[in-house]
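All chains should be modelled from the sequences, with the hints used to inform the complete structure.
Chains as they are written, first to last, in the working numbering: chain B, 1 to 287; chain G, 288 to 574; chain X, 575 to 1141; chain L, 1142 to 1708.
Derived by calculation from the structure, the hints in this document are not laboratory data.
Treat the hints with caution; some may be incorrect.
[Stated by the list, open to error] With a Cα cut of at most 25 Å, we get these calculated DSS-like pairs of lysine-lysine: (1) X:Lys761 <-> B:Lys285; (2) G:Lys291 <-> L:Lys1520; (3) B:Lys26 <-> B:Lys4; (4) B:Lys182 <-> B:Lys249; (5) G:Lys519 <-> G:Lys538; (6) X:Lys650 <-> B:Lys266; (7) B:Lys182 <-> B:Lys212; (8) G:Lys414 <-> X:Lys675; (9) G:Lys414 <-> X:Lys726; (10) L:Lys1530 <-> G:Lys572.
[Said to hold, decoys possible] Now the in silico label distances, taken between C-beta atoms and shown as ranges: (11) G:Trp497 <-> B:Lys212: 50 to 58 Å; (12) L:Gly1259 <-> B:Glu176: 37 to 45 Å; (13) X:Ser632 <-> B:Lys266: 44 to 52 Å; (14) B:Pro17 <-> L:Glu1253: 18 to 26 Å; (15) X:Val750 <-> B:Lys277: 36 to 44 Å; (16) L:Asp1515 <-> X:Asp973: 50 to 58 Å; (17) L:Glu1237 <-> B:Phe174: 31 to 39 Å; (18) B:Glu41 <-> L:Gly1259: 50 to 58 Å; (19) L:Asp1571 <-> G:Pro431: 32 to 40 Å; (20) B:Phe174 <-> G:Glu557: 55 to 63 Å; (21) X:Lys969 <-> L:Glu1253: 43 to 51 Å; (22) L:Asp1571 <-> G:Phe461: 33 to 41 Å.
The beta-carbon is built from N, C-alpha and C at its ideal position, and this holds for glycine as well.
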Amino acid sequence: MDAKTYDMGKIDIAWCPGCGNFSILKILKDALSELDIAPSELVMVCGIGQGAKAPHYFKANVFNGLHGRSLPPATAIKAVNQSLVVIAEGGDGDMYGEGGNHFLHAIRRNPDITHIVHNNMIYGLTKGQASPTSLEGFKTPVQPGGVILEPFNPLAVAISLGASFVSRAYSDDFEETKEIIKKAIKHKGYALVDLLHPCVTYNKLNDRKWFKENTYYLDDNYDPTDRNEAFKKAMEDEKLPLGVFYINKEKKPFEEQLPAYKKNKKPLYEREVDFEKMKVLIESKKS
Amino acid sequence: MDAKTYDMGKIDIAWCPGCGNFSILKILKDALSELDIAPSELVMVCGIGQGAKAPHYFKANVFNGLHGRSLPPATAIKAVNQSLVVIAEGGDGDMYGEGGNHFLHAIRRNPDITHIVHNNMIYGLTKGQASPTSLEGFKTPVQPGGVILEPFNPLAVAISLGASFVSRAYSDDFEETKEIIKKAIKHKGYALVDLLHPCVTYNKLNDRKWFKENTYYLDDNYDPTDRNEAFKKAMEDEKLPLGVFYINKEKKPFEEQLPAYKKNKKPLYEREVDFEKMKVLIESKKS
Amino acid sequence: MKDISIVLCGEAGQGIQTVENILVSILKLSGYFVFSAREFMSRIRGGSNSTEIRVSDSPVNSFVEKIDVLIPLDSKAFDHVRWRIGKDTIIIGEKEFIGGKSKKTFEVPFIELAKEAGNKLYANTVTVGVLSGMLDVDFDRVKYFIRGYFKKKDRKIIEDNIEAAKKGYEIGKDMVEAKGIDFDLKKDEKAKEHLLLNGTELVSLGAIAGGCNFISSYPMSPSTGVLTFLSQQQEEFGIVAEQAESEICAINMSLGAFYAGARAMVTTSGGGFALMVEGLSLAGMLETPIVIHLAQRPGPATGLPTRSEQGDLLFALFAGHGEFPRVIFAPGKAEDIFNLSRKAFDLADKVQVPAIIMTDQYLLDSSFLVSSIDISKLKNKKYFVKTGKDYKRYKVTKDGVSPRGIPGYGEGLVVVDSDEHDEEGHITEDLDFRTEIVDKRLRKMDLIKKEIEPTELVGNKNYKTLVIGWGSTYYGIKEALDRMDNKNMAFLHYKQVYPLHPDTRKHIEKADKTIVVENNATGQFAKLIKMETGIQVDGSILKYNGLPFGVEEIVGKLKAILKKEDK
Amino acid sequence: MKDISIVLCGEAGQGIQTVENILVSILKLSGYFVFSAREFMSRIRGGSNSTEIRVSDSPVNSFVEKIDVLIPLDSKAFDHVRWRIGKDTIIIGEKEFIGGKSKKTFEVPFIELAKEAGNKLYANTVTVGVLSGMLDVDFDRVKYFIRGYFKKKDRKIIEDNIEAAKKGYEIGKDMVEAKGIDFDLKKDEKAKEHLLLNGTELVSLGAIAGGCNFISSYPMSPSTGVLTFLSQQQEEFGIVAEQAESEICAINMSLGAFYAGARAMVTTSGGGFALMVEGLSLAGMLETPIVIHLAQRPGPATGLPTRSEQGDLLFALFAGHGEFPRVIFAPGKAEDIFNLSRKAFDLADKVQVPAIIMTDQYLLDSSFLVSSIDISKLKNKKYFVKTGKDYKRYKVTKDGVSPRGIPGYGEGLVVVDSDEHDEEGHITEDLDFRTEIVDKRLRKMDLIKKEIEPTELVGNKNYKTLVIGWGSTYYGIKEALDRMDNKNMAFLHYKQVYPLHPDTRKHIEKADKTIVVENNATGQFAKLIKMETGIQVDGSILKYNGLPFGVEEIVGKLKAILKKEDK
Ligand SMILES: Cc1ncc(C[n+]2csc(CCOP(=O)(O)OP(=O)(O)O)c2C)c(N)n1
Ligand SMILES: Cc1ncc(C[n+]2csc(CCOP(=O)(O)OP(=O)(O)O)c2C)c(N)n1
Ligand code: SF4
Ligand code: SF4
Ligand SMILES: [Mg+2]
Ligand SMILES: [Mg+2]
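Here it is as structure tokens:
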């Protein structure tokens, strides 16, 4: 499928010139086109924030919900119609701040969705406050003395919860990131892509230079099936490793285990109420 | 201080006979008395659930807030008056389910509070639904086919977030648990005690026998300062280790880093608005 | 006596609810009309709880204060219901619990008898036996029922239980024969044909009939039963039932589910609903339908978790930032609980708005006899459309409803957005269009009004005094008026509280005096009436101690108001 | 002309707000009365935003539609404000942006001039210069101000900026002298003595004056400014300011803080407030005071994040499950923003209730000249008590207020509880006491009513037509009535919307016609009036496209209504 399939034509994109989100948008389109996923079978679920605007610049079905709340509807959409490809997308504030609890429990459920976090280590849309991933000491108007909280480590947390696919990528590394995203989408189960990107307007600390100097790719012979090793890698903070940290293929996706699909594989919208069974159920209340 | 100091006299305790919460209550009183903490300097903060009722059976200041929401007020209380000893208490559903996001971010803040989770692997007060820590396959009225989610591992998550004190205890092990709780209270910074206990009414799987057979204590020469090791231990699920998994003494407590205390150490309630300074601030708006 | 009220009172964990379940079924199957209601503390063991079982030779459906037969099961029981004990109350129980000896107290050593039958745990079965004997139930029926009820247990246990019941039964018989206690209740074949359903089951069945095939919720009394019920029907009815990590997750999941083609609901109580308020506003903006079962209990905050109140009306009505239409049902009649729970799905889907079903602990935990539930003519319309290439989710239409597509069904793309959006569903800052789409959304209110549920007027149409109620007070007020038998009075019940029926003003203006009866402290329905009609009702009867109104209480308070008037 | 409106329009990131900040200060310091208001899109770069600066020789405080001088900064600007451009609008800008040539358009090559001064980035300073020149500002003042504004920059940059300003200044002067554009504005020494404050600063300063020393909040437009302001004063004023992980955390933190002896607040907007609703109910139950700044923006859901609306009134009023008292302020006048933000802390603390301050984007982002803020007589009363051994947090008192202890101050124990509780604060299931404590909590409403803010009646006391407004519409409606100069009209403004002032009925009954002006789609304040008084007002003027009312619009709509009447 041509990557142009996802193009919206002439639209006004609300990101700042130079923002890493542009690359992410392009990478995503390419990845989807290489995977041959049609817009009509794709549902992009997002929250609120700069990164969360991405689905609007895309040809796809979109559920743009509340700030922090994309994982619950994404899980549900997949549970209701398993033939859809579901991607949840949003910023670091959205997913790890407001939405932190859903992050934990979505991982526990392991729905077959791809979770792409536009991680710019800042709140972009609300004009530059610290996000959960902002580094200690980082100064903002709301943290004038610098951030005093320890940065949130999404990879370590995901691994500790046994997420079935855990990765980190960087927006400017076009090919590598595309491959990671493709793997994530193809993975059967919950797949995290913590996608670092520069916010050129508000994050002057973690700029392109910083990312180049502070990231490196996991070795080719790194084994992503060893959870303890994956954890160690995730703990590294001198330089942030990029790549697929952890994969667990044993875990069954949430929706496949639901009793509603035991006897019937159809998506819910194709079904009818079984009134005959209901009659029996109601009659049983006579005795 | 005598453990009786905390006794409420003749009160009606709403727990089921045989419930592990009784031991926890007693252990806590003993630990506090050995630490010589006066009821009036102690604030127990709790949510809603069976475990969360504990503070009502106690002589102490109590902030019994909402289900899932004890960590935010506990953090704030300590931030407002550092001379108070603050303990947040509640169940596994309360703390890891409804309150999961506060768990993550309280750890990041690292306030000097003790976090005691009455973990009975079930929702007791609401009559026996699965909790985040319920084991896979566990059947309940709401999970008639058995739990399909992977159990939440609070220790692994806490360690992955760099919590400064992480421990697991078991209600029936009186002495060991008392010592763990004492260490947790004495620790300067956020301290997690994941406190396993039997729910004799609703959890027929994880009963006293199960706990005895499925737990063991960390070795005496276990080194709790190695984060990767701690993570490995936390991942063990054949048998659950008990004891202090991880300690990080480097981390500064949240409240000690607050700008409000830079020039003035007094608790906030003793302070007055500096109207002179305000005048200057207001005057500055003339130009 | 043609209507007796039996009250079992004891600690949580003593098995009061088991006795209730068995007894109510046996009595119904014997041809009595029955009703039961529960009040209990927020604890799993201990405390003082009670259940009332009304038995009658004609339909009864509401809580009465009086107790005809009390079975105190522990030493606290007597005190717990003391205010309801009259001089004619028959008290049956262990010596230490019955509170002094009189002509009306009868010592029955339940535990001793149970032990004789094999195990003191069978004391509850002895109780069932005693009451069955007193109420002239055929013992074969008791035997048969016990066999069925315990069918998964050992044969020995079953036989022992029958033995226990028998012992009790004989005592019961003896009381009638030797002690002259005769209730003189007639049996009626019709009762046997009725369905025995509690409020929770009625909501759940209504939901299934309405096509509900997705529920995500977080446990919270008294709403959890609906989640439990639907969870247990997952395989049978193809329902996805998920216990969410929080109420916020629950409503956002359900919105995702409805968006993708399911018919989804959440069930919760005040505190959980509070957490759903942002999601409710999202439903308003997305125009994604959603059904919310709001099971009320006394607040604020955690309040009295296992008790009853009607304190969330105005909260439910205005919950959510910004402005969008909604519909709120508040059934009181058993059939209506089913019908409106069903209708909520249809209307939510048709008009693409949130539909809220308000119940409360009293209604959900009460068991009613329902003559029948006819589902033979039911058919659920699928309102979603197959999309074409140029599909626009928010097409501006005359009635405000834009055809709703779902992803993966048709060639079109379904874009829904929490930001203000254009017809396609994409973020817009076109402020002229903003006005247009706000109007479009609000226009749907007219459609909702077209389908408004009629109010129910009980009593004389040419009333002078009008009593108004909503939701769970239906049967209580109705019975109160029946008892008062005052030709100048009538009762107007609202099963839909929003939008308010347009005839409200007419009804009130016709009355010399209007009194609203509601289970809250601030008279919320009276406020709503005023907001909608400008009319200040003449009086309110309010109760907010966590218990439902007893029929006698309503009678008493109405009489007091009317008497005052006379002076 | 004695009042001119200058509008700068361009993309986000072009520095419109810098020009506004500098210019407004310079003009004020030169002796002009100024006011400014902003409208902008929810994006960081690009789009079309505009700022209006009104300059006058007497106080002006509201948004007008007309534009006297337009500075379009990009090619989209002209279209963006086209509806506000009249035949007399002077348009100054780059050739490609000014939209055709006429007598009233003036090409100024801002960027070219900036480059000449050293860097195209100085274009904004050129703009400041042009307008300063046109408005007869002393150039020394411009110079001096620029030095201060850029004081942290390199000397070279400062000098270049002065140079840029100078270039603009001369063009501006030339326009007055050679092109005959003369605004004929008089300067007034008094303006110089005024404070220049925007709504956000007024709320924040009011909070500090009210003793606020704790704020926990989650960023959300348009409420974030208050968090930012207080965060920056942490050290100076001993404030703990914490960015929470969510609004739920924020309110629960603040409640903990108030409990422990701080004076705490949260600042949020509709969606965040929705998430705080459970916490609000908790505040009601705990009787722990709390101040909530609710900065409104258009909903539902995310809506229009950077725009203005008054759509959350009834939501704020009824938010929270269960029943408990609260107080809601809605200042509109600059001084009132300060005063009521301060008072909110005092009253919340005194009566132990949540106090909500409702503002909106328009109010917060507007800059006002305030003659003075007198804090010399302020003193904050500490309402908490030192506890004794037998201290009971919820002692039932006559006025409903129980002396509030805080932990660690005194010998007593301070137990607060989300469950229904006894006087000590421990869980209770005593249902008689439940009624008593509900009554106790609700009794506090009487105390709140005693401290109710007077309404403000502007205009003829013997009015025939009464215009009612609340919150941010104050200045707009006032100016509209001033302009209409109709002796039969008066304006009644509510700065406190709940409880509603008891004179409401009297005021309305005096009028032949009452019209409510509000920035929402469903007429919420009119509904509130009806709920409280039973009176249906005669008309409503509503606006809900995300923009505030312009004065002309109010005049126009009022006239239309009055004219209709005449027929
Ligand atoms: C409930 C709620 N709280 C707050 C906001 C305001 N808000 C919008 S985006 C955002 C954070 C943006 O940060 P992030 O998620 O990292 O996205 P980015 O803009 O950096 O891509 C916030 C706090 C909101 N929309 N809803
Ligand atoms: C917002 C909210 N949702 C749900 C509830 C109902 N509720 C009370 S306790 C509880 C869970 C109890 O489980 P846990 O926290 O593990 O405590 P336990 O009773 O097992 O000690 C729930 C769901 C509530 N009080 N508030
Ligand atoms: S603010 Fe930052 S994240 Fe947002 S669009 Fe601009 S550069 Fe990108
Ligand atoms: S239900 Fe379980 S946790 Fe609750 S008191 Fe009983 S035994 Fe303890
Ligand atoms: Mg971000
Ligand atoms: Mg538990």
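Results for each hint:
1. X:Lys761 <-> B:Lys285: holds (19 Å)
2. G:Lys291 <-> L:Lys1520: violated (43 Å)
3. B:Lys26 <-> B:Lys4: Holds: B:Lys26 and B:Lys4 sit about 10 Å apart, inside 25 Å.
4. B:Lys182 <-> B:Lys249: Since the Cα atoms of B:Lys182 and B:Lys249 sit roughly 16 Å apart, the hinted pair holds (cutoff 25 Å).
5. G:Lys519 <-> G:Lys538: This hinted pair holds, its Cα atoms lying about 22 Å apart.
6. X:Lys650 <-> B:Lys266: violated (55 Å)
7. B:Lys182 <-> B:Lys212: holds (23 Å)
8. G:Lys414 <-> X:Lys675: At roughly 38 Å apart (the allowed maximum being 25 Å), X:Lys675 and G:Lys414 break the hint.
9. G:Lys414 <-> X:Lys726: holds (22 Å)
10. L:Lys1530 <-> G:Lys572: violated (48 Å)
11. G:Trp497 <-> B:Lys212: 50 to 58 Å: holds (52 Å)
12. L:Gly1259 <-> B:Glu176: 37 to 45 Å: holds (42 Å)
13. X:Ser632 <-> B:Lys266: 44 to 52 Å: holds (47 Å)
14. B:Pro17 <-> L:Glu1253: 18 to 26 Å: Once the Cβ atoms are compared, 22 Å apart, the range 18 to 26 Å for L:Glu1253 and B:Pro17 holds.
15. X:Val750 <-> B:Lys277: 36 to 44 Å: Since X:Val750 and B:Lys277 have Cβ atoms about 43 Å apart, the given range 36 to 44 Å holds.
16. L:Asp1515 <-> X:Asp973: 50 to 58 Å: holds (56 Å)
17. L:Glu1237 <-> B:Phe174: 31 to 39 Å: Since the Cβ atoms of L:Glu1237 and B:Phe174 sit about 36 Å apart, the hinted range of 31 to 39 Å holds.
18. B:Glu41 <-> L:Gly1259: 50 to 58 Å: Holds: the Cβ-Cβ distance is about 56 Å, inside 50 to 58 Å.
19. L:Asp1571 <-> G:Pro431: 32 to 40 Å: holds (37 Å)
20. B:Phe174 <-> G:Glu557: 55 to 63 Å: holds (58 Å)
21. X:Lys969 <-> L:Glu1253: 43 to 51 Å: holds (48 Å)
22. L:Asp1571 <-> G:Phe461: 33 to 41 Å: For L:Asp1571 and G:Phe461 the Cβ distance comes to about 34 Å; the hint holds.
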